[in-house]
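Chains as they are written, first to last, in our numbering: chain F, 6 to 451; chain A, 6 to 451.
These aren't lab readings, by the way, just hints derived from the structure by calculation. Careful, some of the hints might be misleading.
Pairs count within a copy or across copies, as identical chains cannot be separated in the list.
[Claimed, not checked] Restricting the straight-line Cα-Cα distance to at most 25 Å, the calculated cross-link-like pairs of lysine to any residue (SDA-like) are:
id, residue 1, residue 2
1, LYS215, ASP270
2, LYS141, GLY369
3, LYS215, LEU29
4, LYS215, ASP127
5, LYS120, ILE206
6, LYS215, ALA362
7, LYS215, MET126
8, LYS215, ARG378
9, LYS215, HIS171
10, LYS141, PRO372
11, LYS120, ALA145
12, LYS120, ASN153
13, LYS120, GLN176
14, LYS141, ASP373
15, LYS141, CYS230
16, LYS120, SER202
17, LYS215, GLU384
18, LYS215, ARG23
19, LYS215, ILE441
Number of protein chains: 2
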Amino acid sequence: MVGGDAAGMSAASQARRRRSPSQLEIIAFERSGWVSYSACGEPYHVAGYIDPLERLVARTPAAFAEMAIEAHTRHEVREIDLDARTVTVENLREGQTSTTPFDILMIGTGATSFKPSIAGMDLPGVHELRTLDDAKQLRAIVDAGPGNAVIVGGGYIGLEAAEAFHHRGWQVTVVTAGASVLDRTLDTDMSGRVIESMEAIGIRVVTETKVRCINGSEHVVSVGCEGGEILPADVVVLGLGSRPVAELAADAGIDLGPTGAIAVDDHQRTSAEGVFSAGDCAETMHRVTGRPVNYHLGTIANKTGRVAGINIGGGDIAFPGVLGTAITKICQTEVASTGLRRAEAEEAGIDAVEATATGTTTAGYWPDATTMRIKAVAERGTGRLLGAQVVGGPGAAKRIDVFATAIWNDMSARDLAWTDLAYAPPFSGVWDLIHIAARKVADAAS
Amino acid sequence: MVGGDAAGMSAASQARRRRSPSQLEIIAFERSGWVSYSACGEPYHVAGYIDPLERLVARTPAAFAEMAIEAHTRHEVREIDLDARTVTVENLREGQTSTTPFDILMIGTGATSFKPSIAGMDLPGVHELRTLDDAKQLRAIVDAGPGNAVIVGGGYIGLEAAEAFHHRGWQVTVVTAGASVLDRTLDTDMSGRVIESMEAIGIRVVTETKVRCINGSEHVVSVGCEGGEILPADVVVLGLGSRPVAELAADAGIDLGPTGAIAVDDHQRTSAEGVFSAGDCAETMHRVTGRPVNYHLGTIANKTGRVAGINIGGGDIAFPGVLGTAITKICQTEVASTGLRRAEAEEAGIDAVEATATGTTTAGYWPDATTMRIKAVAERGTGRLLGAQVVGGPGAAKRIDVFATAIWNDMSARDLAWTDLAYAPPFSGVWDLIHIAARKVADAAS
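Bound conformation, chain F alone (with noise of 0.2 Å):
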């Protein structure tokens, strides 16, 4: 295993239940030193919520020792030589190389933040939220404040890092280049309501604003923006999304994919024979386009980590693909999507159209009633739902969860108008947000 977080543990995990140690010895090298967390609980501890930080490991190396799983953390693989079927590994500690042999390789070499390149980006400071070590050192920033911080990015990572800073009494300002926030999972017109929840409590969003440079000479002290303003900053947090660590294995003869993702097949085989890859690394196919993609969720590399494994431990699972779907709360205000936008579907071929339907996440009456909009995409003509998307008050951002397996089953707009879905007053309307979003979608596709 290249890599030890989910893709490969659940890859390690699944192979040893099918192969026992005198079959298949098991060994994994992680570059950071930890293995198998939760990333996506980051912020939270950043936050103050989730402590100690081990609270977000599910399993230690000395666990998967008992599983007959070597973990190796500080160790970082250099090279793969497929003809001589090794790798060369550094230990990150020591500094001292060596040779491992192997079998069956896994790839899970994750993804790394983008990084622009603008001045004073190295600078002590400037940090990434990916690893429990970048947690650790955002949370003993966060600790020793308050003071500004400037989150770079309108994503996922830098809404709930700029929430997390906010709630331990920073002064906290966004700045992204995009027209508004999440930008590459909802639209302008469903985004708008997390702005407006941020700054009811005084985070500051800037948008269709980029950083020009970030200024200190021994710490970072402010950012600058294109068009002049200068924000002081005590921490900057960068959240400008990820790309796939694919070096290594491209480097070694494996094919990327076109989205520079390594490509893998449904088994999670790449192009080399014995060579398997799976999570942000890997492309995924999607289930609406049936194209290739590279999503970096934690869903994701749980589920191809764990078909890989299957695989690798003599099984036979095909893994059928994804839909892209994300969820997050920032600020009390809950968001969520799946499968398509309308521009994703026409850039794709598919003739899309969409509606919107505003409701609440409760009966109307109902004392806890708070406001909900529901984004759907269909298929002009067939009504084929294509995508999702939710944005609203407690209880509204799972309700994705029926429109993916709605469009994971190819299930028409209309179809999803009459299914019967749970109504009670402190749940929903008598009809579901879900129905009338669908309904709404099928007559516009109709």
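Start from chain F and add chain A according to the hints.
Relative to chain F, chain A alone:
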């Protein structure tokens, strides 16, 4: 329209959208004092969560009048003459009876509470909770309390009433002949938690005990149980379930189905030409068994009423059937169910297996994590999903909609176990408990 609640008035509204007043005159007769109201919200008015009572009314007769729909409350249809094409209607306010002709008739007579034939059932202080009038009376009693309330029956309405009285400081005892509560929709191993959460706040739950008599001379004073216990009672609420009101239709020669409710086809047409029926009084088709069923749920009444109205208005739409999806929240425990329980499946001739998974509503490390339990039922061999039950803390129960959507699509449990559902720590584990339950039942079925 015979009956002016969910089914009748949904039908009236849909028919009016398609036919102008010059094409179709629409008159609705409703026995109670209200039309188009949310019966499901009544326990929450009794509890004092929702005020005034009128908030439960979706549309008043005046609002219907603006749509050119005549809605007469306190008017009861006494006879349907299919040959003469007339209904005989009693004005309950004034005691007069008159005759109204019809071309098309829609029967939405609903359901009535089941009343056992035991002594004292008609004493003052013995109430149902079905109509808004019932809710109004119970609210007045609650406000005049506190005292001792005895709830007879452990179904949804009984438990919701129990919580309402408890919330207002009453001593509450629930007596049910069943082995547990909610035993028409949940298996005993799932419903135990509901009893625990009721008892935790001081509601007494007496199972496997029939009520023998209701005692009192001018007003109820106590309830006598089989086994001899006498429960003091200032009010008794009956929650023993309900039966369809189908006598009027049967007397007119309209066919009833095997459930005792009015038989209809998928267009909501009865056996009589030009006569439709929808809502609690009509049968519907269960999608899993293909058999007629008669559920009394607001969702189904609204949907079947809509179908009837579209067809009355000249449209052509088939009702696609039901799964019997239901949900409620009892004292912080959310419960929901859809499709078949294992016993129901076997009764329908389907060889079924079940599996139960226990986990948390959020990531396990999330501060608000509460436990949740999901039972899934699947067909042996094929793995086709047949049903599911969910019990748990906040966020648990609406997960039933994913199962409902999956079952609606004849999905296999194995396929659901890989579906791209949403994950973030405030919402679920990286494998949602839905996945885990689906995987377990798929394994059991194979």
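A quick look at each hint next to the structure:
1. LYS215 - ASP270: Neither, since 38 Å and 62 Å both go past 25 Å.
2. LYS141 - GLY369: Result: close only across copies, 20 Å inter versus 43 Å intra.
3. LYS215 - LEU29: For LYS215 and LEU29, neither the intra-copy (51 Å) nor the inter-copy (62 Å) Cα distance is at most 25 Å.
4. LYS215 - ASP127: For LYS215 and ASP127, only the intra-copy Cα distance (18 Å) is at most 25 Å; the inter-copy one is 76 Å.
5. LYS120 - ILE206: Neither, since 29 Å and 54 Å both go past 25 Å.
6. LYS215 - ALA362: neither (33 Å within a copy, 48 Å between copies)
7. LYS215 - MET126: Within. Shortest intra-copy distance 14 Å satisfies the 25 Å Cα cut-off; inter-copy 75 Å does not.
8. LYS215 - ARG378: neither (29 Å within a copy, 47 Å between copies)
9. LYS215 - HIS171: Within one copy, since 22 Å is at most 25 Å while 58 Å is not.
10. LYS141 - PRO372: Answer is between: at 19 Å across copies they meet the 25 Å cutoff, but 40 Å inside does not.
11. LYS120 - ALA145: within (22 Å within a copy, 66 Å between copies)
12. LYS120 - ASN153: Cα proximity of LYS120 and ASN153: one copy only (21 Å, versus 68 Å across).
13. LYS120 - GLN176: within (23 Å within a copy, 64 Å between copies)
14. LYS141 - ASP373: Close across copies (22 Å), not inside one copy (36 Å); limit 25 Å.
15. LYS141 - CYS230: neither (28 Å within a copy, 62 Å between copies)
16. LYS120 - SER202: Neither way: LYS120 and SER202 sit 28 Å apart in one copy and 51 Å across, limit 25 Å.
17. LYS215 - GLU384: neither (35 Å within a copy, 56 Å between copies)
18. LYS215 - ARG23: neither (50 Å within a copy, 53 Å between copies)
19. LYS215 - ILE441: Classified as neither; 39 Å inside a copy, 43 Å across copies.
Comparing the model with each numbered hint stated earlier shows that hints 1, 3, 5, 6, 8, 15, 16, 17, 18, 19 do not hold.
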